[in-house]
Each structure stands twice: as structure tokens, then as C-alpha cells.
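Asker: Sequence:
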Amino acid sequence: CIRDRSLFRELVERYDFDVLSLDYVRHPPYFDRQDLDRHCETMTGFIREIRAIFRSSGKNISLLARVPATPANCREQGLDVEAWAREGLINGIAPGMKNCTGWEIPADAFRPLVGPGVSVYAANERQAGRTALRNIGETAGEADSATRWSREMLRGYAAGHLANGADGIYLFNFFLGNLPIIDVLGEMKSLEGLRGKPKAYRVTSYGRQHAEEVDLPMQVPVHVPAHQARKFEMLLAREPGNMKAEALVILDRAASEGEVWLQLNDRPLGHAVRISGEPEGDRYYSWWNIVENATAAVFDVPVAAIRDGRNHLVFRNEGHDLNVLGLAIKIS
Numbered sequence: 024c025i026r027d028r029s030l031f032r033e034l035v036e037r038y039d040f041d042v043l044s045l046d047y048v049r050h051p052p053y054f055d056r057q058d059l060d061r062h063c064e065t066m067t068g069f070i071r072e073i074r075a076i077f078r079s080s081g082k083n084i085s086l087l088a089r090v091p092a093t094p095a096n097c098r099e100q101g102l103d104v105e106a107w108a109r110e111g112l113i114n115g116i117a118p119g120m121k122n123c124t125g126w127e128i129p130a131d132a133f134r135p136l137v138g139p140g141v142s143v144y145a146a147n148e149r150q151a152g153r154t155a156l157r158n159i160g161e162t163a164g165e166a167d168s169a170t171r172w173s174r175e176m177l178r179g180y181a182a183g184h185l186a187n188g189a190d191g192i193y194l195f196n197f198f199l200g201n202l203p204i205i206d207v208l209g210e211m212k213s214l215e216g217l218r219g220k221p222k223a224y225r226v227t228s229y230g231r232q233h234a235e236e237v238d239l240p241m242q243v244p245v246h247v248p249a250h251q252a253r254k255f256e257m258l259l260a261r262e263p264g265n266m267k268a269e270a271l272v273i274l275d276r277a278a279s280e281g282e283v284w285l286q287l288n289d290r291p292l293g294h295a296v297r298i299s300g301e302p303e304g305d306r307y308y309s310w311w312n313i314v315e316n317a318t319a320a321v322f323d324v325p326v327a328a329i330r331d332g333r334n335h336l337v338f339r340n341e342g343h344d345l346n347v348l349g350l351a352i353k354i355s
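Just so we're aligned, residue 24 is where the sequence shown starts under our numbering, counting upward by one.
Please keep in mind that the hints were generated in silico from the structure rather than gathered at the bench. One should not assume that every hint holds.
[Claimed, not checked] Taking CB as the label site, the calculated pair distances span:
no. : residue 1 : residue 2 : range
1   : 40        : 277       : 49 to 57 angstroms
2   : 58        : 341       : 48 to 56 angstroms
3   : 291       : 61        : 49 to 57 angstroms
4   : 277       : 41        : 49 to 57 angstroms
5   : 355       : 29        : 50 to 58 angstroms
6   : 291       : 111       : 42 to 50 angstroms
7   : 291       : 68        : 47 to 55 angstroms
8   : 68        : 235       : 21 to 29 angstroms
9   : 206       : 78        : 37 to 45 angstroms
10  : 54        : 290       : 42 to 50 angstroms
11  : 139       : 204       : 27 to 35 angstroms
12  : 72        : 355       : 48 to 56 angstroms
Keep in mind the model is a prediction, meaning the values are calculated, not measured. All residues carry an ideal CB built from backbone N, CA and C; glycine is no exception.
Construct all of the structure, not just a fragment, from the sequences and the given hints.
Answerer: Written out as C-alpha cells, the structure is:
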């Protein structure tokens, strides 16, 4: 499968390293959309030959691959992670997105495919997310704004994914602009160590640069007509009873508290307790930078309603048509 094995042999023979990471997200796609089984066999053959080089060297080198965000996206790119695991070719995979952070990456969907012997890491990016005006139908300006990481969002990202079955977090390009909060990385190793600490969760959003063949589908922005509802999912982690939680639904226009209603799992949260014209504390979304009338409907959340892993929220619009631009949950 590999015409020139010299690069891999040189790496193994001349250098001492513990892990080789293959990146299959940076520049997708690789194949046409036909004959996916053949493409999967081609790429599995590629991984077999790399593993054979490792084994012949006598060195204990682990092989990790950054792969598309869902099992179906992986197969669409010719990446049969189930076959890799079955043949013992891979030690770990890191599902992720191109130029964006996937807050709902499904480690729980990959686990049945790769089994307990292959580590599954949730791969984030250097920003917590991106926002583009064209995502809500705007054509002028084409603003594309990034939301920077905070300590609270890093804790939330790690806690949600660890609670959903990920073995750890794969940091990609994280060093760019994030040195002031580098200290929080030590907290992201353990779910139990994260419980009871301030954190923030959000849902995936991305700007103009993304790869639909690789990335998660966006949940926001989404249009919610009057007297209609929309369902969202978030990866969250349970918290001790002494913690406080609130949900923020970012809207593209002003609304009154009595016009919007929220449910979390099997718990009705009721109408918003307040409408905020500006974000309080850290900016969990960048919409305030580019949408003039963005507001946040704030809801009280009983921490007892939060589950480990996948949580479902239903937002109901009881007023005029609006767009939901973002969704965040804050733990304090």
C-alpha cells in the first residue's frame, strides 16, 4: 500500500519516541464518494504497513490517529476504525473537527467499535468555537469570530467528554493564544477532580472554515418559529448539590422572560428568570461581537437534573419568531 516506506523507517530507526500520531482531519477528503469499502481496505492496508514497521523495529511505539468526529464520517473518509481495533493496529483514536471544537463528539459511539483496548480521546481546537454570520442567512460582512477558551470552558469540555466515556482530551493547536490558562490542563485528567469546580459548557458552532464530511452537524444557529420548540443535546457532568447552575440561550433579538421556556432531561425549568443584554463574566459565544441585538435568556438549573454524559434540552418559543444562536450552561 505504501510505495515508499523510507519515511517511517527513518523515523523508527533514527529517533526514539513513544507515540506516532496520524492526522486524518487536517486536509480531508481523500477519496471520491464511491466504493467506500475499497477505500477502507486501502487505508487499513496503510495502517497495517506502519504497524509492521513498528513491530520489526522491536520498539514499543504506540499509534494514534486523529479522525473525523463520528464513526460514519470516518468510514466516509475510508477510515475503518473498527477494523483497525480488531486487528490490533491502533492504540488510540482522537475524533475531532477541522478548525473547530466539537462539544458533542460521540466517544460513546466509538467505544463499541474499538472496544476497551483502544483509547478514545475527544480532540479540541485552539478556540472553543467560531461564529459566522452566514450561518443565519446574512450575506453582508461575512464576519467570522472566535470564542476563546477560558478555564471554565476547558473544565466543562473535559468533564462532559469524560462523563460520556472518553479516556482523555487531545489538544490540537491549543498552544496558540492559550498560554495564560495552561495551568488548568492538569485538572482535566480526572472527572472526579473536575466535579465541584466552576465550569461552562456549550454546543458546537463553527464559522466559514469547516469540512462537512468530517465535522459534527451544527445545532446552532437554528430558527425557531413562534409557538415551536427545538431539541438540543449537550455533554455534561454531574455536580455536587452545593453547586449552582444556569442555562443561557443566546437569541438574535430581545425577548421577554415569559416568551421562552426550557426543559432539561425530564425536568421543566420554566420561563427565563431574566433576559441579559450582555454576557456576564466570560463570553461563552462570540455572537455579542457581531450581532447587535443578541441577548441571553437565563434559566435556573437544578444541579440534580444534570446527568453524566448526554443531556437533552428542549427550548420552546412562546413569542415571536427568533433564532437561537447558542446554548451554554454555567456551573458556579
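Asker: Now tell me if each hint is right for this structure.
Answerer: Each hint tested on the structure:
1. 40 x 277: 49 to 57 angstroms: About 55 angstroms separates the Cβ atoms of residue 40 and residue 277, which means 49 to 57 angstroms holds.
2. 58 x 341: 48 to 56 angstroms: Holds, since residue 58 and residue 341 (Cβ atoms, about 50 angstroms apart) stay within the stated range.
3. 291 x 61: 49 to 57 angstroms: Roughly 51 angstroms apart at Cβ, these two residues keep to the hinted range, so it holds.
4. 277 x 41: 49 to 57 angstroms: holds (54 angstroms)
5. 355 x 29: 50 to 58 angstroms: Cβ of residue 355 to Cβ of residue 29: about 55 angstroms, so the range 50 to 58 angstroms holds.
6. 291 x 111: 42 to 50 angstroms: holds (49 angstroms)
7. 291 x 68: 47 to 55 angstroms: Between residue 291 and residue 68, where Cβ atoms are some 53 angstroms apart, the hint holds.
8. 68 x 235: 21 to 29 angstroms: Check passed, 27 angstroms falls within 21 to 29 angstroms.
9. 206 x 78: 37 to 45 angstroms: With a Cβ separation near 39 angstroms, residue 206 and residue 78 satisfy 37 to 45 angstroms, so the hint holds.
10. 54 x 290: 42 to 50 angstroms: holds (45 angstroms)
11. 139 x 204: 27 to 35 angstroms: Distance hint for residue 139, residue 204 holds at roughly 32 angstroms.
12. 72 x 355: 48 to 56 angstroms: holds (51 angstroms)
Violated hints for the displayed structure: none, as all numbered hints are satisfied.
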